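Take 330 as the starting number for the sequence shown in my numbering and just add one per residue.
If you are wondering where the hints come from, they were derived from the structure by calculation, not from laboratory data. Incorrect hints may appear among the rest.
[Claimed, not checked] Result set (DSSO-like, lysine-lysine): computed pairs, CA atoms no more than 27 Å apart in a straight line:
(1) Lys441 x Lys464
(2) Lys360 x Lys473
(3) Lys406 x Lys473
(4) Lys471 x Lys441
(5) Lys360 x Lys411
(6) Lys471 x Lys444
(7) Lys464 x Lys406
(8) Lys464 x Lys384
(9) Lys484 x Lys509
(10) Lys473 x Lys441
(11) Lys384 x Lys360
(12) Lys507 x Lys464
(13) Lys473 x Lys384
(14) Lys411 x Lys473
(15) Lys411 x Lys471
(16) Lys360 x Lys484
(17) Lys444 x Lys473
(18) Lys471 x Lys406
(19) Lys484 x Lys406
(20) Lys441 x Lys411
[Stated by the list, open to error] What follows is a set of in silico ranges between Cβ atoms, one per label pair, in the way DEER data are often shown:
(21) Asn429 x Ser453: 21 to 29 Å
(22) Thr458 x Ser373: 16 to 24 Å
(23) Glu436 x Ala500: 28 to 36 Å
(24) Ala455 x Ser498: 28 to 36 Å
(25) Ile515 x Gly457: 51 to 59 Å
(26) Val460 x Gly396: 18 to 26 Å
(27) Lys484 x Leu366: 21 to 29 Å
(28) Ile494 x Lys384: 57 to 65 Å
(29) Val460 x Leu510: 55 to 63 Å
(30) Glu472 x Ile494: 42 to 50 Å
(31) Phe451 x Leu510: 55 to 63 Å
Fair warning: this is a prediction, and the values are worked out from it, not measured in the lab. We put the CB at the ideal spot given by N, CA and C, even for glycine.
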Amino acid sequence: NDTVYTFDGTQIKPINFANNLHKIYDAYLDKDALLVLTNKGIVSLKSSPNENNVKNIFHINNIEVNGSLVNGIEKNKLPYNKNNIRINFSLLDYVVDTPNVYYRINESHWTKLGKHTSYLDFPSLASGTYVVEFKINDEIQKEKINFSISSPFWKTWWFYTIVFILCASIAYGYFSWKSKLMLKQIE
């Protein structure tokens, strides 16, 4: 049993069809009416929500890391090789014109997404801390995504220290060996 709902800017209510329709096949939202195709014919419902009171509903559906869904990336530290991030989101809007969706990463400039885009890809992110924010038209959304990607081991301070000690040891050993060899030749 299919049901059609209406949104008046504050709450969602089911629409009660007086002629007891059984099946809804399709619906089309025009500028001033909702046309519903049913097994009894076409029903036209006048639509007049106060667009000033209507808020868009933004929701982050899920996050993929290297193609696999993750449960809650928030405040997670990802290894360096898990750096391909996809954020899937939904936008429920109750007005005819699709609102503009923007995103920014680490408080940089806002970037506009396409009108019918429902995901955001970040391929091959470098190591670091990231905050991804969204904006619908001029309203910044409360939902943010915070995560960090750790550096590969060969870019850490302890790896540089080990390599330096190893190179210094090899150089010391080589020059010690050469010094002993030269002393033997002099004698």
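Hints and how they fare:
1. Lys441 x Lys464: Answer holds: lysine 441 to lysine 464 is near 9 Å, not above 27 Å.
2. Lys360 x Lys473: Status violated; Cα separation ~33 Å.
3. Lys406 x Lys473: 16 Å, holds
4. Lys471 x Lys441: At roughly 18 Å apart (the allowed maximum being 27 Å), lysine 441 and lysine 471 satisfy the hint.
5. Lys360 x Lys411: The given pair, whose Cα atoms are some 45 Å apart, is violated under the 27 Å limit.
6. Lys471 x Lys444: Judged against 27 Å, a Cα distance of about 21 Å means the pair holds.
7. Lys464 x Lys406: Holds: lysine 464 and lysine 406 sit about 25 Å apart, inside 27 Å.
8. Lys464 x Lys384: 13 Å, holds
9. Lys484 x Lys509: Given that 27 Å is the threshold and the Cα spacing comes to 37 Å, the pair is violated.
10. Lys473 x Lys441: 17 Å, holds
11. Lys384 x Lys360: 18 Å, holds
12. Lys507 x Lys464: 67 Å, violated
13. Lys473 x Lys384: Satisfied, since the Cα-Cα distance of roughly 18 Å is no more than 27 Å.
14. Lys411 x Lys473: Holds. Lysine 411 to lysine 473 sits at ~20 Å (cutoff 27 Å).
15. Lys411 x Lys471: Satisfied, since the Cα-Cα distance of roughly 26 Å is no more than 27 Å.
16. Lys360 x Lys484: 57 Å, violated
17. Lys444 x Lys473: 20 Å, holds
18. Lys471 x Lys406: 22 Å, holds
19. Lys484 x Lys406: With a Cα-Cα distance of about 16 Å, the restraint between lysine 484 and lysine 406 holds, given a limit of 27 Å.
20. Lys441 x Lys411: 26 Å, holds
21. Asn429 x Ser453: 21 to 29 Å: For asparagine 429 and serine 453 the Cβ distance comes to about 27 Å; the hint holds.
22. Thr458 x Ser373: 16 to 24 Å: Given a distance of about 53 Å, which is not inside 16 to 24 Å, the answer is violated.
23. Glu436 x Ala500: 28 to 36 Å: At 45 Å between Cβs, range violated.
24. Ala455 x Ser498: 28 to 36 Å: 32 Å, holds
25. Ile515 x Gly457: 51 to 59 Å: At 56 Å between Cβs, range holds.
26. Val460 x Gly396: 18 to 26 Å: 23 Å, holds
27. Lys484 x Leu366: 21 to 29 Å: 60 Å, violated
28. Ile494 x Lys384: 57 to 65 Å: 60 Å, holds
29. Val460 x Leu510: 55 to 63 Å: Holds - the Cβ-Cβ distance for valine 460 and leucine 510, about 59 Å, lies within 55 to 63 Å.
30. Glu472 x Ile494: 42 to 50 Å: At 47 Å between Cβs, range holds.
31. Phe451 x Leu510: 55 to 63 Å: 56 Å, holds
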